[in-house]
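One-letter residues, chain by chain:
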Amino acid sequence: MPCGVFKTSYAEDMAFIRYPIHKVGLALAVAFLVLYPIAFKDNPYMLYWMNYIAIFLIGAIGLNLLTGYAGQISLGHAAFMAIGAYVSTLATLRFGIPFIVAVPLGAFASMLFGLIFGIPSLRLKGFYLAIATLAAQYIVDFILVNPKLAWLTGGSAGLLVPPAEIFGFQITQTENADLYYYFIAVPSAVFFFVFAANLLRSDIGRSWIAIRDNDIAAEIMGINVFKYKLLAFAISSFYAGFAGGLWAFYVGYLTPEHYTIALSIEFVAMILIGGLGRLWGSLLGTIFVLTLPEILKTVVIPAISGFIPISAESLRPVIFGAIIIAFLIIEPKGLVELLRKIKEFIKLFPFPY
Amino acid sequence: MKMTRREFLICAGITTATVLGLGCAGKREVTPTPTEVGAKERITVGALFDLTGPTADVCKDYAQGVRDYIKYVNMNGGIDGIKIDMVETDYGYKVPEALSAYKKFRDQYKVCAIIGWGTGDTNALKTYVARDKIVYISASYSAKLTDPKQAPYNFIAVADYTTQLRSVLKYAMDNWDKSRPPRIAFTYPNVEYGTDPIRGGKEFARELGYEIKPEDEIVDLKATSAMDQLQRIKSWGADFIWIGGTISSASVIMRNARELGMDVTFMVNCWGWDSRIVELAGEAAEGNYYNWPGVMFGEDVPGMKEIMSVISEKHTIHYIKGWLNAMVIIEGMKRVVKKGEEITGENIKAELEKLRNWDPKGLAPPISYYPDDHRPSLANNIYTVEDGKIKRLATIDLEKIYGRRKDWLGV
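Protein sequences appear in the order of chains E and B. Residue numbers for the first sequence follow my numbering, beginning at 484 and rising by one. Residue numbers for the second sequence follow my numbering, beginning at 464 and rising by one.
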């Protein structure tokens, strides 16, 4: 806490923007987000990256709420994303529901599934719950590729997503699709981020942390553990479903091949690398994991390609795994903790603490 | 010497910085500067390969074929002096990677043509390339890509999967000597490449008078055993089995069938086999019908001499597929340049649609594209394995028998 700062009301004390540095940070962040599309107006590639990160950030926040804050391990996150994607696409495809309604609808459907698959959490913890959520992942996977349901889901061939329209104005599958979609994906990501932050400083967030730390003690204290666990699953899958819906419309083509266990593990990697139980960790982890292949392709491979002939795609799982292991051993609290330590070091230099 | 965590972190930081610095400083990857379309010295072509994913077993050779053809063209003066740069990406058969690579090709390298690979991503990109007017030739011979109403900028170099299936069905029926109708079962992986030809194939099989097994058997691309599926087929009693997967699973199916003592003839799709099938499936490979509209590697055709001028090792038919795809695209570009026009996707498409019975140096049947019909030909070659050697049994040209049936377009 910097000196010279004092609060005179509870509201001020509990605010998000407490210190001068927060105000500066907020101003810079807003300026960055607003200027980004203007600067990269003609560069769909950079806009695509921002949208990609924003959409997956929503999913990562969802998983962080579930695993990092409520302590419920989930390996089925990609399945909830898939449900959101498919339901919102089918809503628009079959019933002509507009994009703005279809995506939340997909998120609600995903929330229902999340509730159902959260029920085992009443009796299962840790590793066993992970297996139960793994079952969710595979069940959804099988439903989506099953040729008998292909009339509904398109089977393994997938579905062509209709263009998204807002009040008649088409935003995807047009010339400036990336630019238009920026104004949907990024504000959504910001909204969900702030919503999660608010959720975490409320009684719900504190209950989750209590459950994560010791659910028996939490039960004794009077917290309805089952209700809050289910709430965690529900909200987390809502986030995932929303992200899935946004992603489906953005890409324009849905295949079950994308929403496999590999994506679930990528999400887990995102929050582990970023920082479990820290909201900013979701952001850092998402950026890191998603840009890793690009960094590999553009920087690392040229650096070592003179010595070893390897392609980026084959190196990616190796480096991925190595980084996760490295983080778990050296800095289990993730990138966010690493940054915090660097900040502390700079602040206290030359003192060690 | 025990390192404290601090020292370790400092070392890690320095290593990362060095790697990043080296990477930024010494870009050894060929990164051609984005060329203005029509700039006279170099033109860039994009390429998507799956070198580490589920179909990598057949894509490695394909990728080499594409690279070598472009090297061959550049070695021989390029297109009228214009050299071709290829930017390739290994997308591991994952659609989002393909999409991000596509955006890079389109925005950073400003390509006008892309040599693609798989059914999933080609279908995902077909609306994008149509909107962005980039010609896309794929190693996926899906029939959907031959209908310009659905995929106006997509091309393929040989007959599509469904037509290949139809031709082997016809061949088998023509050589069927028993009085009862032949019984056929379909096996394929549950991915788009596998399911694609089944509907059209079954319609034609019914037309010819086959008895079709009501349930198809799914055999995964990476399957190591197909015993369950084959048991069911054996109890139903099939004479023919269509294999819709790549060579790994195809060899597994053939070996398992032999172990079960089944007396069937396999009809194998063009990615389900190559010269390695003899060693992979051994005796089980004998006597089946193998599909591939082009020639075997090493056959005596003018195109093969061109190939041997660039490489000396033996490759497989997948290499020829890559060489062929690159050849078709470059041919389109050559014609555009000969007319004195700018090399754009639109112009390449227009020139390709004027091809009539163009012979790709004997490597595949003659190619004709029409503005309303992107089927290159309806000809297919049926090969078999006899005493461990691959032998051509017949060439079936459905166009000569049925004409370019409109109800087959895009199915």
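Source of the hints: derived by calculation from the structure; they are not laboratory data. Check each hint, because a few of them may be wrong.
Only pairs whose alpha carbons sit at most 30 Å apart, straight line, appear in this in silico DSBU-like list of lysine-lysine [what the hints assert, rightly or not]: (1) E/LYS631 <-> B/LYS676; (2) B/LYS633 <-> B/LYS697; (3) E/LYS631 <-> B/LYS633; (4) B/LYS801 <-> B/LYS612; (5) E/LYS631 <-> B/LYS697; (6) B/LYS665 <-> E/LYS631; (7) B/LYS797 <-> B/LYS852.
Hints, one by one, checked against the model:
no. : hint                  : verdict
1   : E/LYS631 <-> B/LYS676 : holds (16 Å)
2   : B/LYS633 <-> B/LYS697 : holds (23 Å)
3   : E/LYS631 <-> B/LYS633 : holds (28 Å)
4   : B/LYS801 <-> B/LYS612 : holds (28 Å)
5   : E/LYS631 <-> B/LYS697 : holds (23 Å)
6   : B/LYS665 <-> E/LYS631 : holds (17 Å)
7   : B/LYS797 <-> B/LYS852 : violated (38 Å)
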